[in-house]
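Colleague: Numbering follows the UniProt record's numbering, with no gaps: position 56 of the sequence shown is 56.
Hints in this document: simulated from the structure, not taken from any laboratory. C-beta: ideal position from N, C-alpha, C; glycine also. Some clues are possibly wrong.
What the hints assert, rightly or not - Straight-line alpha carbon distances no greater than 27 Å define the calculated BS3-like cross-link-like pairs of lysine-lysine that follow:
1) Lys52 with Lys508
2) Lys52 with Lys512
3) Lys49 with Lys508
4) Lys314 with Lys328
Stated by the list, open to error - If you anchor each label on the Cβ, the simulated ranges turn out as follows:
5) Lys314 with Lys49: 52 to 60 Å
6) Arg110 with Gln423: 45 to 53 Å
7) Val507 with Gln423: 36 to 44 Å
8) Asp170 with His4: 46 to 54 Å
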Amino acid sequence: MLQHLQVRNLVVVEELALDLGDGMTALTGETGAGKSILVDALALALGAKADKALIRPGCDEAEVNAVFDLSRQPDARAWLEEQALAADDDCILRRVLSRNGRSRAFVNGRPVPQWLLRELGERLVEIHGQHEHQRLLRPAVQRELLDAWAGHTALVEEVRARFTGWRHADRRLEALRQQAGERDQRIDYLRFQLQELEQLAADAEQLDALEREQRRLAGAEELLAATGRLLALLHEEEPAAQDLLGRAALEAERLAAEAAPELAPAVELLESARIQVEEAVALVREFGGGIEPDPARLAEVDGMLGRIHDLARKHRVEPEALPALLEKLREELERLENADQELTALEQEAASAEAAYLAACARLSESRRQAARALARRLTESMQQLAMEGGRFEIEVASLPREEGTASGLDRVGFLVATNPGQAPAPLARVASGGELSRLSLAIQVATAGLDEVPTLVFDEVDVGIGGAVAETVGRLLHRLGESRQVFCVTHLAQVAAQANHHLRVVKERRKGTARTRILPLGREERIREIARMVGGSRITRQTLAHAEEMVGS
Numbered sequence: 001m002l003q004h005l006q007v008r009n010l011v012v013v014e015e016l017a018l019d020l021g022d023g024m025t026a027l028t029g030e031t032g033a034g035k036s037i038l039v040d041a042l043a044l045a046l047g048a049k050a051d052k053a054l055i056r057p058g059c060d061e062a063e064v065n066a067v068f069d070l071s072r073q074p075d076a077r078a079w080l081e082e083q084a085l086a087a088d089d090d091c092i093l094r095r096v097l098s099r100n101g102r103s104r105a106f107v108n109g110r111p112v113p114q115w116l117l118r119e120l121g122e123r124l125v126e127i128h129g130q131h132e133h134q135r136l137l138r139p140a141v142q143r144e145l146l147d148a149w150a151g152h153t154a155l156v157e158e159v160r161a162r163f164t165g166w167r168h169a170d171r172r173l174e175a176l177r178q179q180a181g182e183r184d185q186r187i188d189y190l191r192f193q194l195q196e197l198e199q200l201a202a203d204a205e206q207l208d209a210l211e212r213e214q215r216r217l218a219g220a221e222e223l224l225a226a227t228g229r230l231l232a233l234l235h236e237e238e239p240a241a242q243d244l245l246g247r248a249a250l251e252a253e254r255l256a257a258e259a260a261p262e263l264a265p266a267v268e269l270l271e272s273a274r275i276q277v278e279e280a281v282a283l284v285r286e287f288g289g290g291i292e293p294d295p296a297r298l299a300e301v302d303g304m305l306g307r308i309h310d311l312a313r314k315h316r317v318e319p320e321a322l323p324a325l326l327e328k329l330r331e332e333l334e335r336l337e338n339a340d341q342e343l344t345a346l347e348q349e350a351a352s353a354e355a356a357y358l359a360a361c362a363r364l365s366e367s368r369r370q371a372a373r374a375l376a377r378r379l380t381e382s383m384q385q386l387a388m389e390g391g392r393f394e395i396e397v398a399s400l401p402r403e404e405g406t407a408s409g410l411d412r413v414g415f416l417v418a419t420n421p422g423q424a425p426a427p428l429a430r431v432a433s434g435g436e437l438s439r440l441s442l443a444i445q446v447a448t449a450g451l452d453e454v455p456t457l458v459f460d461e462v463d464v465g466i467g468g469a470v471a472e473t474v475g476r477l478l479h480r481l482g483e484s485r486q487v488f489c490v491t492h493l494a495q496v497a498a499q500a501n502h503h504l505r506v507v508k509e510r511r512k513g514t515a516r517t518r519i520l521p522l523g524r525e526e527r528i529r530e531i532a533r534m535v536g537g538s539r540i541t542r543q544t545l546a547h548a549e550e551m552v553g554s
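All chains, please: the whole structure from these sequences, using the hints.
Modeller: Dropping the structure here:
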C-alpha cells in the first residue's frame, strides 16, 4: 500500500509530505482548492506523461516521491526482483520534472525508463475517474477481470499451454513446407558435396601421414645423400666408426689381460658400442634401401593435399574438420530424403495440437458466457443503487475466427452499459459521463474485490451528479472496498466523506500574491467541522455540527 507521499514544487504545491494509512481515505476541500492534486502527483510517480507546465511557477524542477509497503504484495516484489530493482519490503518511486522538458524516473534509487515505471505503477495503484487512467477500459483487462471473477485460472492456463504447443508445431510444419520447393535442388547439391568430401575428407591422423609422405618424397635425393654420408662415417670410410670401435675393444682387452684387469668393464662397453653401431648400420641401410625417388607419387600426394586444402577453404573450415562436415552433410541429406515422412508426421502433430487448443477454447468460452451473465446481473443490480436506475450492464463474449486465436482463447470480451432506460448498451469506453464511468468502475471493483493484486485504488469524481441516499450508498461501497484494499476518494459529498477511515482536507492559501495548496490530516473535531462545512456551506451552525457529528459517528 501507499505509505508516504512527498511532493515539491508541483503546480500550486510548494512542499507536501503525507503519511497515509490503510482503509478508506477521503480528500475534501472547497471548490478550486485543488483536491485532485494528490491524484495528479501520484499519477506522475506511477509513470504518467510529464508536462513541464506542472512545475510550480518560478521553480526549475518539480519532484514527487511515493513510498509503498510491499510486504503483502508478492507479485510486485517478484517483478522488482526480475528487474533487479528489489529492496526489502519497501519500494520508493521518484519522478523529477525539469523546466527543459526532460523527465527522470527512479525506482529504489535506480534510474529507469518511464515505460518501466508505468508498468510497475499498474501493479501498485489503479486510478479511476479519468478515461486515460482506467485499466478497466482495456479489452484485455475486461477479459482478465471476468476470468478472475469466474475462477478460470486452470482453464486459461490450459488454453495458453495448448496454444503454445499448436503454434510451435505449426511453425515447424510451415518451415518444412517452405523447404519442400528447394529440397530436390538441395539434395542434388548435397550429393555432389558429399562425393567430393568422401574422396578427400581426411582425419587429423591421415592428414599428418600424407604430409609426412610428401616431405619424404620431396626430399628423397637429399635423404639418399644423407644416408650415404652416415653409412660412410659408420662403416665404409677408412677409418670408419665401426672399425675404430673394434680396434679399441681389442686394445682394451689386451691391456685388461696383461696389466690392467680393472679395464675389463671398458672392454664390455666398447664391445657393446661396436654391436650397437653394427645395428645402426643395418637400420640406416634398410632406411636408405627404402628410399626411392618417385616423382609420380610425389605429384599425386601434392595434388591430393592441394585438393584437400582447396576443399577446406571452400567450406571455410580447417582441413582436419572436413570429416565432421562430411558427417553433418550426410545427416542433412538423410533428413531431406526422409522429409515426406517427417512432413506427414508434422501435419498430424499440428492437427492434433490445433484440435486440443480448440477443445480447450470451447470449454473456456462456455464457462466465460455463463460467468458473463452472472456478473452482468450483479453489476446491473449495483447500478440501480448508484443513480443509474433502469440502467443495464452486459458482458459480451464474442467468438473470434480460428486464425485470430491467441493464448487467451477465441473470445473477445467486452463490457457494455446502458445508463438510462431504453438505451442500447454501448462499450464502457464510450460512456460520456466521467461520473457514471467512475461509479461503474466502483461497482466493478466492489464485485471483483480481492481478485487481482492491485492494492491501492484511487477514485476521482465518483460522486458527480449524485446525492442523498445514492451518495451514502457510494460511501458504504467505498468503505467496504477499503476493508480489503487501500482506497482514496476525492469527493465533495459529506455522505461519502463521512464513511472514510481517514480524512484529508485540501486548503488553498495566498501568500504575497502566490497561491499555495496544502493537504491537512484531520482529527475527529476537525473532521466534524469539515463535514459540517460540506453539509451547510461556509456558515457552520450548531445544527450542522450536530448533524456532522451524527454522520461521523463514534
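Colleague: Taking the hints in turn, state whether each one holds.
Modeller: Checked hints:
1. Between Lys52 and Lys508 the CA atoms are separated by roughly 22 Å; this keeps the pair inside 27 Å, and the hint holds.
2. The suggested pairing of Lys52 with Lys512 holds, with an alpha-carbon distance near 24 Å, which does not exceed 27 Å.
3. In summary, the hint linking Lys49 to Lys508 is supported, as the alpha carbons are separated by about 25 Å, within the 27 Å threshold.
4. With a C-alpha separation of about 16 Å, the suggested pairing of Lys314 with Lys328 holds against the 27 Å cut-off.
5. A beta carbon spacing of about 58 Å between Lys314 and Lys49 agrees with the range 52 to 60 Å that was offered as a hint.
6. A beta carbon spacing of about 50 Å between Arg110 and Gln423 agrees with the range 45 to 53 Å that was offered as a hint.
7. About 41 Å separates the C-beta atoms of Val507 and Gln423, a value consistent with the hinted range of 36 to 44 Å.
8. Between Asp170 and His4 the Cβ separation comes to about 51 Å, which falls inside the hinted range of 46 to 54 Å.
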